[in-house]
Amino acid sequence: MTEPTLRVENLHTHFFTRQGVVKAVEDVSFSVAPGKILGLVGESGSGKSVTGYSIMGLVDPPGRRVAGRILLGGDDLCAMTSEQMRSVRGRRIAMIFQDPMMTLNPVLRIDTQMIEAIRAHTSVSRVVARERARDALAQVGISAPEERLLAYPHQFSGGMRQRVAIAIALLNKPELIIADEPTTALDVTIQAQILFEMQTLARDSGTALIWITHDLSVIAGLADEICVMYAGRIVEQGTVDAVLDAPLHPYTHGLIDSVPSRGRRGEPLRQIPGMAPSLLDPAQGCAFRERCSRADSACIDQPALSIPIAGRQLRCFHPMPSAAIA
Amino acid sequence: MPAFVIRRLLQSVLVLGVMSLLVFAGVYAIGNPVDILIDPQAGQADIARAISALGLDRPLVEQYLIFLRQALAGDLGNSFVYNVPAIQLILERMPATLELALAATTLAVLLGIPLGLWAGLAPDSWQGKLIMSGSILGFSLPTFWVGLLLIMLFAVELGWLPASGRGPTTEFLGVQVSFLSWDGMRHLILPAINLALFKLSLIIRLTRAGTREALLQDYVKFARAKGLSNARVVGVHVLKNIMIPVVTVIGLEFGSVIAFAIVTESIFGWPGMGKLIIDSINVLDRPVIVAYLLVIVFLVILINLAVDIVYSLLDPRVRIGEAQA
Chain A
1 MTEPTLRVEN LHTHFFTRQG VVKAVEDVSF SVAPGKILGL VGESGSGKSV TGYSIMGLVD
61 PPGRRVAGRI LLGGDDLCAM TSEQMRSVRG RRIAMIFQDP MMTLNPVLRI DTQMIEAIRA
121 HTSVSRVVAR ERARDALAQV GISAPEERLL AYPHQFSGGM RQRVAIAIAL LNKPELIIAD
181 EPTTALDVTI QAQILFEMQT LARDSGTALI WITHDLSVIA GLADEICVMY AGRIVEQGTV
241 DAVLDAPLHP YTHGLIDSVP SRGRRGEPLR QIPGMAPSLL DPAQGCAFRE RCSRADSACI
301 DQPALSIPIA GRQLRCFHPM PSAAIA
Chain B
1001 MPAFVIRRLL QSVLVLGVMS LLVFAGVYAI GNPVDILIDP QAGQADIARA ISALGLDRPL
1061 VEQYLIFLRQ ALAGDLGNSF VYNVPAIQLI LERMPATLEL ALAATTLAVL LGIPLGLWAG
1121 LAPDSWQGKL IMSGSILGFS LPTFWVGLLL IMLFAVELGW LPASGRGPTT EFLGVQVSFL
1181 SWDGMRHLIL PAINLALFKL SLIIRLTRAG TREALLQDYV KFARAKGLSN ARVVGVHVLK
1241 NIMIPVVTVI GLEFGSVIAF AIVTESIFGW PGMGKLIIDS INVLDRPVIV AYLLVIVFLV
1301 ILINLAVDIV YSLLDPRVRI GEAQA
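Residue numbers (our numbering), protein chains in the order written: chain A, 1 to 326; chain B, 1001 to 1325.
What the hints contain is simulated information worked out from the structure, not anything from laboratory work.
Among the hints, a few may not be true.
[To be verified] When the alpha-carbon atoms are kept at most 25 Å apart in a straight line, the in silico DSS-like pairs for lysine-lysine are as follows:
1) Lys1221/B <-> Lys173/A
2) Lys36/A <-> Lys173/A
3) Lys23/A <-> Lys1221/B
4) Lys1240/B <-> Lys1221/B
[Claimed, not checked] What follows is a list of derived Cβ distance ranges for each label pair:
5) Met1185/B <-> Met80/A: 46 to 56 Å
6) Asp135/A <-> Val1013/B: 23 to 33 Å
7) Leu1153/B <-> Thr81/A: 40 to 50 Å
8) Ser1229/B <-> Ala144/A: 30 to 40 Å
9) Ser1229/B <-> Val128/A: 16 to 26 Å
10) Phe1004/B <-> Asp215/A: 39 to 49 Å
11) Gly20/A <-> Gln1127/B: 25 to 35 Å
12) Ala192/A <-> Ser1229/B: 31 to 41 Å
[As the list claims (entries may be wrong)] Quick look at which bits of chain A chain B covers, simulated, 3 or more residues with Cβ under 8 Å:
13) 79 to 92
14) 103 to 110
15) 115 to 122
The structure presented is a predicted model; accordingly, all values stated were derived computationally and were not measured.
Beta carbons: idealized from backbone N, C-alpha and C, even for Gly.
Same shape as in the complex, but just chain B (with noise of 0.2 Å):
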């Protein structure tokens, strides 16, 4: 097992390679960042100025040899808009997304299981129909679509819950929380909701049909014969098996939450990730668009390593020392 860890983390930094270079390229290929961040008044001596104090004037092998040659000391750059460290910019957003997709991925999961499982186990009943025609429209309904419309209702019409912004913050753990206080809870709601609504709408369908799957297995059929109750059988030999393919798609997903919490964060006003980088897109921030997406790529290589490892402790006849013996 540690062999198989360490090995997975050494072909991360591979991918971090690979990603960095990619990235470097894209921006440089969008366009000029100075032509943005400038004052358009400015004179031509200031421009060039200002191009050779961000390294912009050497050729672009150069820039990503110097980048990656501080990269590899722990230093990512500044941020040209905010002149302090990209990854510094990032780590202080970090903790308002990873809430917002932990609160989300919670939330799909405690009602997409039992959902799922209910639809599965009565797949014919008008309740198990209900549940599946709303999961379609979890599945088609866009992201951003769904939350003006949760503002729209809860916030504007029943001014229920807040629409915008993160509210106040505890220190839980030594990372600013928002779901120990109430008005925190109350912010947090409904972009939670919003995010969750897809990944929700996922489990459901696929726990239903794990179960659809499983309850026509022999296994099934002998616990029954064994004079199991429903409970144990339902609760023991069906949701174990389900819950392998159900791990493996949460934490696809959770990677993705993260990587997608921009539309929500948008919408929402959440200053997490998702929101600096769209305004670091915006002005071609590069040192903070690389970054970003390094610790993106970083935090998904991690949640798989995670998976693969809940992986082999759901599925006994997938053990990970035995499979590179």
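Only chain A is shown next, with the shape it has when bound in the complex (with noise of 0.2 Å):
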């Protein structure tokens, strides 16, 4: 077994505050190993985007990293100055955001925000900077790249906005991209252009990818594996096809029967009844227990996580019922 490019073990992420203490990542722990693809997924203001930031130690104050390790390659990044952070971000680790228009700045041209990108990790002249962002350019597929480097971002669609964003996370080769929900804001045809590209990449360059969504489809063709998280916690974690095919945690189970399917057509869209606890004063035991159907008095104690299959971790005290599991 490779050794993984990431390693994040134990990380607790809390927000301090004035109403109180915001767990927004409670002992989250999973790996990526090079050229794999992890699927992060939950609904929104389950901790995945944190999770994310707190990798790039982007946490905007009131929060911040209260425990746990995050291991890039055997670095520590929770143990590093904010200058050696500085210099692990865009050059080890890349991000890429949500939404392109606002991901790039709207008053600088792509070629400054591209070679600056490159000069702040490497010392370059900028003319072999600019060749390498042109480079970069033309490798996520946008045409005569030399023009388009002169450009303003509102001269682009989402789309190329999108592609720049990308271009600029390849710049200086990571071992590990974040990618956070990057094809939600674009239509599905640019959406699917995209995802076949970043698994290109992941697959050819060997770069480890975390793809945060909360799109069950995306995840399906993408990733290798899966975390699903819920009010901060990692509650099911395992191999796509095998969490996809025969979820065991009912959040997990009511994620994929959310999904419209064309078989069922006709009937009421099904969705998990309640609404996604707050973080601030959560309820003792079990976050998901109070929309759960198989919830009982046991749920009042915060599950440990099992491993009930080998390469299986699932966070709950009433499994759905499943063949694998008999």
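If you follow the hints, you should be able to join the two separate chains into one complex; please do so.
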């Protein structure tokens, strides 16, 4: 087994607000191997984006990482100084954001924004940096990259801007790319192209990829492994095929069941009853308890991570009945 | 771009026309300048002669038309008081006012942007809070009162700086300026600070608000994710974005600094246009009042034009040529 690119161990990230402590990420552990794609799935507010920002060291105050280790090729990111962390960002880990309309600075030309990303990490001349920027644009399928370098972000469509953002992420050939719902704001045809390109890229360059999304259909075709997050914790983990075919956690089951399908035409769409809980003052025990049809008095306690089957992890007292378990 | 500039200048002619009509009628409504100008002991015949010499015996419409015809030929009339061309009086005083306004604006920008950035980057630090409370004072204290306090403290108590006047001037690019000699500079400091205070507070608050907003934007987070240094994120990504509103306001305010320098000029005895207009209003010297307001309106129009051009340079989404297409 190869050494993982990134290993997150017992990560806790809390926000110290005036109303109290919000435990956005609680005891999260996972790892990604080179060239593999990990899907981080959950509803809004489940802590998946904060997990991404925690790895980048970009959690905005009043939030901060309070415990855990984040090992990138053996280096603990949590122990780094801010200057060491700056040199890791953009060079060893890159991040792509959700809304391509917002991620590029509207008043700076594309070449400025690409060249600065190179020169922040390597001392090369502007000419060399510019050539690398041009090649990166060509790599993500932007035609006439030489002219496009001189353009401003508003002269690009959303899909093109996201390609530029991906090109920027690729500039320094990072070991890990964290993609925070990068295709959510794009239409499906562009989404499919970008997914395909990212998948090829991870496979060919050995870059590990963390794909944060709420969209199970994206994950199904893209990721190798999946972590399902709920209220700041990972509730289920396993390979994509195993988890999506035979979900063990009632929440995962509910998520999969909520995806509209052609086979159920005419029926009302299914949903998980209730709302995601507030993380400010969470009820004791399993956070999904109040929305769960299988919950009983045992769920008053927080379930520990268990390994019901090899390669799977689960945080539930009453897993869904599944052929695989019996 | 040239078409845009020409169109704007043509619009300004229209504004100037309307402006002159309003001022002309307004001053006429206030009262008769002859009552103030002429010696109370003068006889009826003298008064009549003075009135007809100034052309004040004709109907207002006729007076206005005469003014308009002369104005189109570049003559805005002679001052009733000094009996020299009004425009000449104003142009003589203009460099002093412009110098004061420029000094005040420069001061406000050079201090306001860094202080605003500081307060925006560290809003919870005591320095940030101090800057913000200070700016509230700068906003709310009346200019004339602060001016008097400055004179009391620096001129009367400490005796460091002169209380009034412009001091010696030096010729610079064909204009008389104060700031090139040490003594002139000393005369400039207090009025410039006085006039700058309000703008300074405005720029601080604007810069702070812009910084706070920009820091929450994804492009700042993305810039940090690229591994850029804090200096580059703030100095390039944040600053370039907040300069757009700041430049707009600085431009608009520069016009009002020139126009409202009146208070500061009166307090510090600064021989600029503001002091001239106050004196002229007191004696209803209509040609000077009209000429002054026309000059101010024209300056403000020019400044706004310059702001629009700078704005389009700063914000690539605004391109003047394309907008008209």
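Hint check:
1. For the given pair, Lys1221/B sits about 20 Å from Lys173/A by alpha-carbon distance, which is consistent with the 25 Å threshold.
2. A distance of roughly 15 Å separates the Cα atoms of Lys36/A and Lys173/A; the hinted pair therefore holds under the 25 Å criterion.
3. Our distance criterion of 25 Å between C-alpha atoms is met by Lys23/A and Lys1221/B, whose separation comes to about 22 Å.
4. Taking the CA atoms of Lys1240/B and Lys1221/B, the gap is near 16 Å; set against the 25 Å cutoff, the hint holds.
5. About 50 Å separates the C-beta atoms of Met1185/B and Met80/A, a value consistent with the hinted range of 46 to 56 Å.
6. About 54 Å separates the C-beta atoms of Asp135/A and Val1013/B, a value inconsistent with the hinted range of 23 to 33 Å.
7. Restraint check, Leu1153/B to Thr81/A: a C-beta distance of roughly 47 Å satisfies the suggested window 40 to 50 Å.
8. Our hint of 30 to 40 Å for Ser1229/B and Ala144/A holds, since their Cβ atoms are close to 32 Å apart.
9. In this structure the supplied range 16 to 26 Å holds for Ser1229/B paired with Val128/A, their Cβ-Cβ distance being about 20 Å.
10. Here the CB-CB span from Phe1004/B to Asp215/A is close to 47 Å, well matched to the stated 39 to 49 Å.
11. Distance hint check for Gly20/A and Gln1127/B: the Cβ-Cβ separation is about 28 Å, which falls inside the suggested range of 25 to 35 Å.
12. For Ala192/A paired with Ser1229/B, a C-beta distance near 37 Å keeps the hint of 31 to 41 Å intact.
13. Under the rule that three or more residues need a Cβ within less than 8 Å of chain B, the assignment of the region 79 to 92 of chain A holds, with 6 such residues.
14. Figure legend: the region 103 to 110 of chain A, annotated as covered by chain B; annotation consistent (7 residues with Cβ-Cβ distances under 8 Å, at least 3 required).
15. For a cut-off of 8 Å, the count of residues in the region 115 to 122 of chain A with a CB near a CB of chain B stands at 4, and the three-residue condition holds.
Checked against the numbered hints given earlier, the structure breaks only hint 6 and satisfies all the rest.
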